[in-house]
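Residue numbers (UniProt numbering), protein chains in the order written: chain C, 1 to 175; chain U, 1 to 185.
Hints were generated in silico from the structure; no laboratory data involved.
It is possible that part of the hints are untrue.
So the derived list for chain C, only partly shown, Cβ under 7 angstroms to chain U, looks like this [claimed, not checked]:
| hint | residue |
| --- | --- |
| 1 | 5 |
| 2 | 7 |
| 3 | 37 |
| 4 | 42 |
| 5 | 56 |
| 6 | 58 |
| 7 | 59 |
| 8 | 60 |
| 9 | 105 |
| 10 | 107 |
| 11 | 162 |
| 12 | 164 |
Taking lysine-lysine pairs in the DSSO-like style, the calculated list, with each CA pair at most 30 angstroms apart, reads [stated by the list, open to error]:
| hint | chain 1 | residue 1 | chain 2 | residue 2 |
| --- | --- | --- | --- | --- |
| 13 | U | 148 | U | 56 |
| 14 | U | 116 | C | 24 |
| 15 | C | 24 | U | 132 |
| 16 | C | 34 | U | 148 |
| 17 | U | 132 | U | 56 |
Where a beta carbon is used, it is the ideal one built from N, C-alpha and C, also for glycine.
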Amino acid sequence: MAEVHVIGQIMGASGFSESSLFCKWGIHTGAAWKLLSGVREGQTQVDTPQIGEMAYWSHPIDLHFATKGLQGWPRLHFQVWSQDSFGRCQLAGYGFCHVPSSPGTHQLACPTWRPLGSWQEQLARAFVGGGPQLLHGDTIYSGADRYRLHTAAGGTVHLEISLLLRHFDRYGVEC
Amino acid sequence: MTTASPSVFLLMVNGQVESAQFPEYDDLYCKYCFVYGQDWAPTAGLEEGISQITSKSQDVRQALVWNFPIDVTFKSTNPYGWPQIVLSVYGPDVFGNDVVRGYGAVHVPFSPGRHKRTIPMFVPESTSKLQKFTSWFMGRRPEYTDPKVVAQGEGREDAETEIPRSTWVCLCPNPAWLMLPFCPQ
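Just chain U, with the same shape it has in the complex (with noise of 0.2 angstroms):
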């Protein structure tokens, strides 16, 4: 990855999601996004995805299983603002809303090779008592309107959610976890 004179690179990263762990959820689909700098651009393949729906299997491991595939491959000049990929999960709520579940986001990895993640993954959250009781009833929990700003760290102190007057603590749903496998070259 490092050259004489500026020039391009290629980044190409294949992997899946492979499955998630949520202890309390069922019937989730997850949509994957990337993120990246301003000298970054993909080139290839597919930069947006939306899963299937996936339920517990009945076995002991009560495993959420999707493989799904990611294939993209990036060129860049610099690699300020390596990419990032989102991750956000989505369920039915017990009056059967589609309600955001997680989000989470890594870096693509840095070295070739295979690597698997497991990246926990949060909700933001209202922090008044009948915000979250209202939300809860009516099925429009704090969602982010761009999922991208996971992946940012500005903003992250005070940022806005969609149900207005609520300041953003996030809680990590009992563990939640995606694991991705990766295989970059």
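Bound conformation, chain C alone (with noise of 0.2 angstroms):
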């Protein structure tokens, strides 16, 4: 079997208009991934930044994945969400991103959207929070039924991720 290591940290989030983010992440992977070590999703903590807009999270990501085929590579997927001072949470974005394939280092920036409603679904989100949110989480990383969906941009969340690859060419396949 193959094997794939993602190591990194979601470093943060920047362009959101709300301050105190913080994020929930998962890895989804197609069904010939299998997860040896590491945990497939988590919580960061909540960030508040003091000057300047940027949230950081430094959030450690460390996963170990062996595999029989390419198909479903792995994708890191995001939902950003503010808290205010009561402690109520109000969705920020969505994003998803592909783990890079190619060995090494690499710097990623996902973009994130959140679902409009209607314009009184709107205004009350200004005056009160809440809004619409996904029922069903994997439409965040999968294109089927995202044609329903009007949405509005949200901020990037940055990460930094790093891949080592092992056993890869006895299957025939470079990298």
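Combine both chains into one complex, guided by the hints.
Set out below in structure tokens:
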């Protein structure tokens, strides 16, 4: 079986209009992939930037996969939420990016989006917060049924991911 | 780093904690330690250290320079649990107590060569305003009992701090950076 190590950090997020952000992240793979070590999902702490708009999490990611096929190459997906002083959480954006496929260290910037509702819902969101959310999280990383959504842009999630590949040459894959 | 059969590989890290920028604080010292997985073990060098106390330079740079050496070699059979260096910076508050000014963590670089890393630092903060005031007044800020928790991903959403009944909110001190040139081989 070929092995892939995904090691890195979710550095932080920038470009969001809200401060006090946290991120729920997860990784989705195809059926041929098996997670040998590491946790498949997690949640960062809440960060409130004091100066500048970038919220820093420095959340470590360390995953070890074994795979029999290239289909379903891992995808990292994110939900960025903001927390206000009362402890209520509001969605700031959804985003996903593929894990790179060449070994080495990569800087990734993942754009995010959030669903817009009707104008009444947008007005309510401006005053009391809330807003529509996805029922099924897999819409974040899959293209099916996206045509039903009307969304607005959120900020960007920044990651630094390093990739180590092993035994891919046994299967005729050059990397 | 890729081998055909499971065998031991070595990772040698030479470097220094070069300097920091903390616009609001002065007279700081830093501690470093390494966090690594079960398949890793240090074979040479020190995996922990405490630096000297440094004051800001009087010139326009306002730099806090430690130039604190890091020299450690790890051996492992598995890249999982790649070592992370955890840094904690401490300094005196207005009453003279030693309080934490920032925590940060970064993975040791993955490729041989010279690398310079600047890492953002954060402090845990209590959410209740009364608790913030009493902790400022008493000099007992929220602090991690074990700084190694900064290098872990699990439990960050509701981590405990030393002062009970406070939830965990992080703030980025303005802008606090640590510079770390690494020379791993």
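So, going through the hints one by one against the coordinates:
1. 5: holds, 5 angstroms
2. 7: holds, 5 angstroms
3. 37: holds, 4 angstroms
4. 42: For residue 42 of chain C, the interface hint holds, since the closest Cβ of chain U sits about 5 angstroms away, which is under 7 angstroms.
5. 56: Interface hint status for residue 56 of chain C: holds (4 angstroms vs cutoff 7 angstroms).
6. 58: holds, 6 angstroms
7. 59: holds, 6 angstroms
8. 60: holds, 5 angstroms
9. 105: holds, 6 angstroms
10. 107: violated, 13 angstroms
11. 162: Holds - the Cβ of residue 162 of chain C comes within 7 angstroms of chain U, reaching about 4 angstroms at its closest.
12. 164: It holds, given that the least Cβ distance between residue 164 of chain C and chain U is near 5 angstroms, below 7 angstroms.
13. U:148 to U:56: Given pair residue 148 of chain U, residue 56 of chain U holds - Cα atoms ~27 angstroms apart, limit 30 angstroms.
14. U:116 to C:24: holds, 29 angstroms
15. C:24 to U:132: holds, 27 angstroms
16. C:34 to U:148: The hint holds at about 28 angstroms.
17. U:132 to U:56: holds, 27 angstroms
Checked against the numbered hints given earlier, the structure breaks only hint 10 and satisfies all the rest.
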